[in-house]
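On the provided structure of chain W, position chain S as indicated by the hints.
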Amino acid sequence: MELWYSLISLLPFEWAQPGHMFFMKNALLAVLVIAPLFGLLSTMVVQSRMSFFSDALGHSAFTGIAIGSLCGLWAPMGAAVIFALAFALLFTLIRRKSALASDTVIGVFSSSAVALGIFIATLNGGSFTRFNSLLVGDILSVKPSEIALLAAILAVVLILWICACNTLLLSALHPALADSRGVRVLWQEAVLNCSIAVVVTLSMTWIGLLVINSLLVLPAAAARNLARNMRQYHLFSVLGAVVCALAGLMTSYYIGASAGAAITLYLAGAFTLSMILRRK
Amino acid sequence: MSVHKHENCNGCEGLCCLELQNVGVSVGDAELLHDVGFHLHCGEIAALIGPNGAGKSSLFKAILGQLPHSGSIRFQRSDGKKSRPVIGYVPQSPAFDRSDPVSVLDLFIAAAQDWPVFLPIPQKLRDRAVECLARTHAEGLLDKRLGALSGGELQRVLMALALEPLPHILILDEPLSGVDVEGERQLLDMLDELRDKYDLSILLSTHDFATLESFADKVILLRSTVLAVGTPTEVLSSPAFRETFHLRLGKGAV
Numbered sequence: 001m002e003l004w005y006s007l008i009s010l011l012p013f014e015w016a017q018p019g020h021m022f023f024m025k026n027a028l029l030a031v032l033v034i035a036p037l038f039g040l041l042s043t044m045v046v047q048s049r050m051s052f053f054s055d056a057l058g059h060s061a062f063t064g065i066a067i068g069s070l071c072g073l074w075a076p077m078g079a080a081v082i083f084a085l086a087f088a089l090l091f092t093l094i095r096r097k098s099a100l101a102s103d104t105v106i107g108v109f110s111s112s113a114v115a116l117g118i119f120i121a122t123l124n125g126g127s128f129t130r131f132n133s134l135l136v137g138d139i140l141s142v143k144p145s146e147i148a149l150l151a152a153i154l155a156v157v158l159i160l161w162i163c164a165c166n167t168l169l170l171s172a173l174h175p176a177l178a179d180s181r182g183v184r185v186l187w188q189e190a191v192l193n194c195s196i197a198v199v200v201t202l203s204m205t206w207i208g209l210l211v212i213n214s215l216l217v218l219p220a221a222a223a224r225n226l227a228r229n230m231r232q233y234h235l236f237s238v239l240g241a242v243v244c245a246l247a248g249l250m251t252s253y254y255i256g257a258s259a260g261a262a263i264t265l266y267l268a269g270a271f272t273l274s275m276i277l278r279r280k
Numbered sequence: 281m282s283v284h285k286h287e288n289c290n291g292c293e294g295l296c297c298l299e300l301q302n303v304g305v306s307v308g309d310a311e312l313l314h315d316v317g318f319h320l321h322c323g324e325i326a327a328l329i330g331p332n333g334a335g336k337s338s339l340f341k342a343i344l345g346q347l348p349h350s351g352s353i354r355f356q357r358s359d360g361k362k363s364r365p366v367i368g369y370v371p372q373s374p375a376f377d378r379s380d381p382v383s384v385l386d387l388f389i390a391a392a393q394d395w396p397v398f399l400p401i402p403q404k405l406r407d408r409a410v411e412c413l414a415r416t417h418a419e420g421l422l423d424k425r426l427g428a429l430s431g432g433e434l435q436r437v438l439m440a441l442a443l444e445p446l447p448h449i450l451i452l453d454e455p456l457s458g459v460d461v462e463g464e465r466q467l468l469d470m471l472d473e474l475r476d477k478y479d480l481s482i483l484l485s486t487h488d489f490a491t492l493e494s495f496a497d498k499v500i501l502l503r504s505t506v507l508a509v510g511t512p513t514e515v516l517s518s519p520a521f522r523e524t525f526h527l528r529l530g531k532g533a534v
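Listed in order, the protein sequences are those of chains W and S. Residue 1 is where the first sequence starts when you use our numbering, and the numbers rise one by one after that. Residue 281 is where the second sequence starts when you use our numbering, and the numbers rise one by one after that.
These are computed hints drawn from the structure, not numbers from a lab. Careful: at least some of the hints might be erroneous.
[Unchecked claim] Label-pair distances were calculated between CB atoms; the ranges are: (1) S:S430 with W:I94: 49 to 55 Å; (2) S:V410 with W:K143: 49 to 55 Å; (3) W:S145 with S:R378: 42 to 48 Å; (4) W:K143 with S:G458: 55 to 61 Å; (5) S:R378 with W:I94: 26 to 32 Å; (6) W:C163 with S:A375: 25 to 31 Å; (7) S:Y478 with W:G269: 49 to 55 Å; (8) W:M275 with S:G308: 43 to 49 Å.
[As the list claims (entries may be wrong)] Stretch by stretch, here's where chain S covers chain W in the computed footprint (C-beta under 8 Å, at least three residues): (9) 165 to 177; (10) 222 to 230.
Being a predicted model, the structure only gives us computed values, none of them experimental. For every residue, glycine included, the Cβ atom is placed at its ideal position computed from N, Cα and C.
Excised from the complex, chain W in its bound form (with noise of 0.2 Å):
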């Protein structure tokens, strides 16, 4: 951390300067490692069309947390996690053997897992206040140990990306060819299903629950349309993300707005501006 510090010194901004404002640099510094895992993770999300379901995965998220400070876990975000993890694995089995229509699926676990986890939170009269930093997020009080969980999260990420982004991109374009060359679709969805859960959930209390998912659709939603092949494409999502979340933070420490709103809307002008550019 030191060495950011020092790094971000070098700005020209009044908060960068050395010896206060630590928790503005700290933002920047998560805010850096989240937008490009959001990036990422978008392509294969739009690609798959699953925006509906990230978005499902948030409410299942905040289940998660409600159920892990009922039983008073080590920290509710571990319980939060495994929740969202089970989540995952279920809707994934459910939607490849269900023959109900993916979107259906989605909104049946997406409002029991919502109902689930108000139905917690209010129980023996409990004040749902406590929960409303989750709604919003704050990128504001993230720690240096938190940022390193999350660099190391990207580093899981980048790794999956090597490793299987041909056969995701394959099981999402083309189900029966992708069988037909020995690629296993369901464990592709899965293992991108738990690995959507588990950024989600550990984003939320950063970015708030009412906006992350557009972090993990507009990214990607934009540059599908300007990008005419995956390196453009996954080189538009990161970039897209990194500058609008920049942006978002500034904006948001200059005139005291959510920093996850300010992002969001950020990346809907940038989606705007790929449509306008859109080629053609």
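What follows is chain S alone, placed relative to chain W:
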């Protein structure tokens, strides 16, 4: 029941050939196929015909190893050794999303190489993809997006993909549906060329009986089991064929 009506079907006789014996496929309680048997020699083009729901796709899946089956599906090389064949599969032309940012090169890398498709692609792999595409005269499509390809172009790409690695048997699921007359001619010429060049066995399903005589060495009429097998003329004039398609006769389907 193994069908041995035609001289081509008298076992593998030491030639390179795919041999199905008593193949049955059941999903749950439903028996989709039973007692399916035929031989397919290398360099031979066989057409699988039959009404919808006759089990053509299930048979393909069984051969590809995606569906459990009873009976035996064996491949014998020209030296008489039996081994697992390499099978190239061309699925029914899917409609890719027009917005998919996936180029033909991307599809090739994702399906046939280990190199992660999101990283810059080395020239060597690019050249390899061009070589493969050239087999079906599709090398000019390398940097086109899948969503921007015509039906015929997409089929050539999928076929080139099925030929990498070079298979012993090429299976095509209804390659003639959704292709115009010109595209059909090109496709059939290409199959002929591939079979000569690489000594492939080609097995394709089709509903187009009019062109059978022009390309197929062997026709297999399937409805849960093999009802007839032989040259196109033999099968098209067989009682089993008339019975299976009796409703369509007189409507110009044949």
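Hints the structure fails to honour:
Per hint list: single violation, 1.
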